[in-house]
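A.B. asks: Residue-level listing of the chains:
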Amino acid sequence: GAGVSQSPSNKVTEKGKDVELRCDPISGHTALYWYRQSLGQGLEFLIYFQGNSAPDKSGLPSDRFSAERTGGSVSTLTIQRTQQEDSAVYLCASSLEGQGRTDTQYFGPGTRLTVL
Amino acid sequence: AQKVTQAQTEISVVEKEDVTLDCVYETRDTTYYLFWYKQPPSGELVFLIRRNSFDEQNEISGRYSWNFQKSTSSFNFTITASQVVDSAVYFCALSVVGYSGYSTLTFGKGTMLLVSP
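Chains as they are written, first to last, in this note's numbering: chain A, 1 to 116; chain B, 117 to 233.
Don't read these hints as lab results, they were simulated from the structure. Be aware that a few hints might be false.
[As the list claims (entries may be wrong)] Straight-line distance between alpha carbons at most 16 Å, and here's what the computed EDC-like set of lysine to aspartate or glutamate pairs gives:
#1 K119/B <-> E85/A
#2 K225/B <-> E44/A
#3 K17/A <-> E85/A
#4 K57/A <-> E68/A
#5 K154/B <-> D138/B
#6 K225/B <-> D138/B
This one's a predicted model, so the numbers in the text were calculated from it and none came from an experiment.
Okay, chain B solo, but in the shape it has when bound (with noise of 0.2 Å):
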């Protein structure tokens, strides 16, 4: 079975620093895909980024980086210099083809970011 586990519950955080946002997952699946989707208040999840298990390399998109290790099953999330619109709840997602041929989206719990100005 998958399981995700995004301890931290609620970040508070002050505009303009950095933050990050920890994800630990598990599977037994030599092959698996990891997402970012950040849900504001407004209810819909946004697509962020999807990471395949070969794939080890960083990577930095403007504000935002993920990290992604698999020595410790870990996908962090950081954003850099932080914004009041980067309030939101935001999940670590993993995704294997199961024996029954098809995916689906294993979700964490979510870490509500809250930035002040």
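So that you can see chain A by itself, here it is in the shape it has in the complex (with noise of 0.2 Å):
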């Protein structure tokens, strides 16, 4: 089956613009990640989901970062009054399980998010 995929690869906007970033899963996975790569931070873990529920959103960096997730597939990321500092590439992983279970988490591709 097809892995997982993200839109759009690459993502340029202006201070302040609101950005969406979307994630689909591999078929049938229920977790799903997103991680944040930046050059000064290496790999940050930002959320997860199990199912439309994520029981931990302490990774996001700041209220203006929100996520959901809708009928235990697609992801949507949302960042607010974007800032420059927000410039990094936004990773999104699934694995079947999550819950009490370490299962291997696949990536997309990736979003380049750049501000400007």
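Both chains come to you apart, so use the hints to assemble them.
C.D. replies: Here you go:
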């Protein structure tokens, strides 16, 4: 089957604008994760979904960041009022199960966000 | 808290050389999982291997091999007879099931491997 897909692959936006990043996990995977990869910080965990619920949002860097998942499938990461420090590659991953287990996470190609 | 250290920031080798990428981890959990991922220039993280803390057997897959030693908290990755296509950033990662009941990956900073023809 298809792997994890993300869109857009690249996004350039102006400071202060809102952006939406989309992730389509592997079919049948109930767990979905968002990570951020930036030069200074490496790979950081942002948020985890089990089904449509996000048990832990503590990785989100500020209240400008939010995420939702619908139908246990597609997830959207929204960044409001973007700042230059939000520039990074946003990676999505999915795994078969998340709760109480450590299934292998498979990653999408990422969305490269540039805030001017 | 979990921590993964990849001390080698960048390694350059010539094709056909063997190369070992080091990974040292820290965790207080007795049950954990270790992973290696490859990130080629295209950007996608590609899963290579997963190992649980109770299985210290070394593993070989083609030109790739992994050496897991709990005594030194290391999970090193060796590429034998490297090829130009092996050029990528390689990440070691650690995962435990936390108090919240789910697990996330803690990544090292990555090692950039450059293989020249």
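A.B. asks: Does each hint fit the structure? Answer for all of them.
C.D. replies: Tested hints:
{"no.": "1", "hint": "K119/B <-> E85/A", "in the structure": "violated (24 Å)"}
{"no.": "2", "hint": "K225/B <-> E44/A", "in the structure": "holds (10 Å)"}
{"no.": "3", "hint": "K17/A <-> E85/A", "in the structure": "holds (13 Å)"}
{"no.": "4", "hint": "K57/A <-> E68/A", "in the structure": "holds (11 Å)"}
{"no.": "5", "hint": "K154/B <-> D138/B", "in the structure": "holds (14 Å)"}
{"no.": "6", "hint": "K225/B <-> D138/B", "in the structure": "holds (12 Å)"}
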